[in-house]
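K.L.:
Below are the chains, spelled out letter by letter.
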Amino acid sequence: MIENNISQSSFLLELIKGRRAIRNFQKKEISLDDMKKILEAGIWAPSGSNLQSWEFILIKDPQTILKIKLVSPGLFSNPDSLVVLCVNKSKAERGGKLGIEMAVMDLAMAAQNMMLMAYSLGIGSCPIASFNKIAIKQILNIPNNVDIILILTFGYPQTWPKAPPRKPIKEVVFYDKYGRNIE
Amino acid sequence: MTNMEEILNNKYFQLLSFLITSARGCIDEPPLYGPLRLLDAASRVIDMMEKEKMVDEKISNIKNLILQAIDILMVDENEFIKIVDEISKELGKYIAN
Numbered sequence: 001m002i003e004n005n006i007s008q009s010s011f012l013l014e015l016i017k018g019r020r021a022i023r024n025f026q027k028k029e030i031s032l033d034d035m036k037k038i039l040e041a042g043i044w045a046p047s048g049s050n051l052q053s054w055e056f057i058l059i060k061d062p063q064t065i066l067k068i069k070l071v072s073p074g075l076f077s078n079p080d081s082l083v084v085l086c087v088n089k090s091k092a093e094r095g096g097k098l099g100i101e102m103a104v105m106d107l108a109m110a111a112q113n114m115m116l117m118a119y120s121l122g123i124g125s126c127p128i129a130s131f132n133k134i135a136i137k138q139i140l141n142i143p144n145n146v147d148i149i150l151i152l153t154f155g156y157p158q159t160w161p162k163a164p165p166r167k168p169i170k171e172v173v174f175y176d177k178y179g180r181n182i183e
Numbered sequence: 001m002t003n004m005e006e007i008l009n010n011k012y013f014q015l016l017s018f019l020i021t022s023a024r025g026c027i028d029e030p031p032l033y034g035p036l037r038l039l040d041a042a043s044r045v046i047d048m049m050e051k052e053k054m055v056d057e058k059i060s061n062i063k064n065l066i067l068q069a070i071d072i073l074m075v076d077e078n079e080f081i082k083i084v085d086e087i088s089k090e091l092g093k094y095i096a097n
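Sequence order for the protein chains is A and B.
If you're matching positions, the first sequence starts at 1 in this note's numbering and goes up one per residue.
If you're matching positions, the second sequence starts at 1 in this note's numbering and goes up one per residue.
To be clear, the hints were calculated from the coordinates, so they are not data collected in a lab.
Hints should not be assumed to be uniformly reliable.
In silico contact screen, one side only, chain A against chain B (beta carbon under 10 Å); selected entries [said to hold, decoys possible]:
1) Lys69
2) Leu70
3) Pro73
4) Ala108
5) Ser130
6) Tyr175
One-sided and incomplete, this derived list gives chain A residues near chain B with beta-carbon spacing under 10 Å [to be verified]:
7) Gly18
8) Arg23
9) Lys27
10) Leu66
11) Val71
12) Phe76
13) Ser77
14) Asn78
15) Gly96
16) Gly99
17) Ala129
18) Phe131
19) Asn132
20) Pro168
All values derive from a computational prediction rather than experimental measurement.
We put the beta carbon where it would ideally sit given N, CA and C, even for glycine.
My request is simple: use the sequences and hints to build the entire structure.
P.N.:
Right under this line is the structure:
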């Protein structure tokens with residue numbers, strides 16, 4: 001177990017606040033080792049009933065990235081690598097009626113882990129939800145029982161953009177009951 | 001057009017793919033993504049016009065406004081709409097002259 005350590009918690013908050021959605025990348029390769037570290041961070045995300053019904057496809061082949069870009073209107077950058085985040089429905093269904101919903105939440109947590117790990121390595125990322133699932137399934141030969149939920153792009157950023165404003169805590173956090181603001 | 005690599009890198013084919021997949025995406029995506037995709041397509045058309053040396057300073061200015069609009073959408077919806085109005089105005093002025 002990790003000991004309570006102020007410098008670690010400050011560092012974590014710094015990572016969380018520093019991560020940005022990056023849409024302009026340098027032409028610089030990310031090593032496979034770094035991508036493996038990013039993926040490892042992903043698989044250590046929490047998972048409902050520990051089902052781990054996620055499946056990740058790492059794509060580094062430029063031709064395959066180009067094909068995916070062609071059918072992904074939301075992907076307009078030139079990333080070095082992509083990770084396609086999928087839910088294996090056959091595994092998720094073991095979680096009962098809530099299985100698929102839980103699996104999507106698990107995947108979101110895995111995505112955040114990956115983006116934070118990438119940021120800690122100086123690598124930018126961006127979550128992409130605007131893509132054509134039907135076409136990508138054809139391109140990547142993904143079976144019917146596997147659903148694509150999200151694509152993450154990765155690359156070394158041209159610049160780190162400024163943080164967009166966040167809604168203040170008093171607007172989105174309530175204390176003990178709904179509508180009661182936290183001081 | 002002989003091989004697949006040429007087709008995949010062809011700007012017309014890229015625009016075709018973008019339009020088809022955007023059409024499908026717009027069924028489920030937030031309503032403002034419709035104008036976003038159309039502006040993105042317009043920017044791609046300007047890129048193609050550039051290769052044919054059909055872009056003057058005014059069209060280039062329209063492209064800059066389009067890129068500004070695309071950048072601002074996630075941050076400020078009202079500003080996005082203002083810039084789209086500005087793009088329409090600039091286009092109108094261009095056609096009128």
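K.L.:
Confirm or reject each hint.
P.N.:
Right, here's what the structure says about each hint:
1. Lys69: 8 Å, holds
2. Leu70: This interface hint holds because 4 Å falls under the 10 Å limit.
3. Pro73: Cβ of proline 73 of chain A sits 4 Å from chain B, so the hint holds.
4. Ala108: 18 Å, violated
5. Ser130: Status holds, d = 5 Å.
6. Tyr175: 29 Å, violated
7. Gly18: 18 Å, violated
8. Arg23: 9 Å, holds
9. Lys27: Hint on lysine 27 of chain A: violated, closest Cβ of chain B at ~16 Å, above 10 Å.
10. Leu66: With a closest approach of 6 Å, the leucine 66 of chain A hint holds.
11. Val71: The hint holds - valine 71 of chain A has a Cβ within 10 Å of chain B, the shortest such distance being about 5 Å.
12. Phe76: 7 Å, holds
13. Ser77: With a minimum Cβ separation of about 12 Å from chain B (threshold 10 Å), the hint on serine 77 of chain A is violated.
14. Asn78: Result: violated, 13 Å to nearest chain B Cβ.
15. Gly96: Cβ of glycine 96 of chain A sits 26 Å from chain B, so the hint is violated.
16. Gly99: 22 Å, violated
17. Ala129: At about 8 Å, which falls below the 10 Å cut-off, the nearest Cβ of chain B leaves the hint on alanine 129 of chain A intact, so it holds.
18. Phe131: 7 Å, holds
19. Asn132: This hint holds: asparagine 132 of chain A lies near chain B, its Cβ roughly 4 Å from the closest one there, short of 10 Å.
20. Pro168: It is violated, given that the least Cβ distance between proline 168 of chain A and chain B is near 17 Å, above 10 Å.
The structure does not agree with the numbered hints 4, 6, 7, 9, 13, 14, 15, 16, 20 stated previously, though it agrees with the rest.
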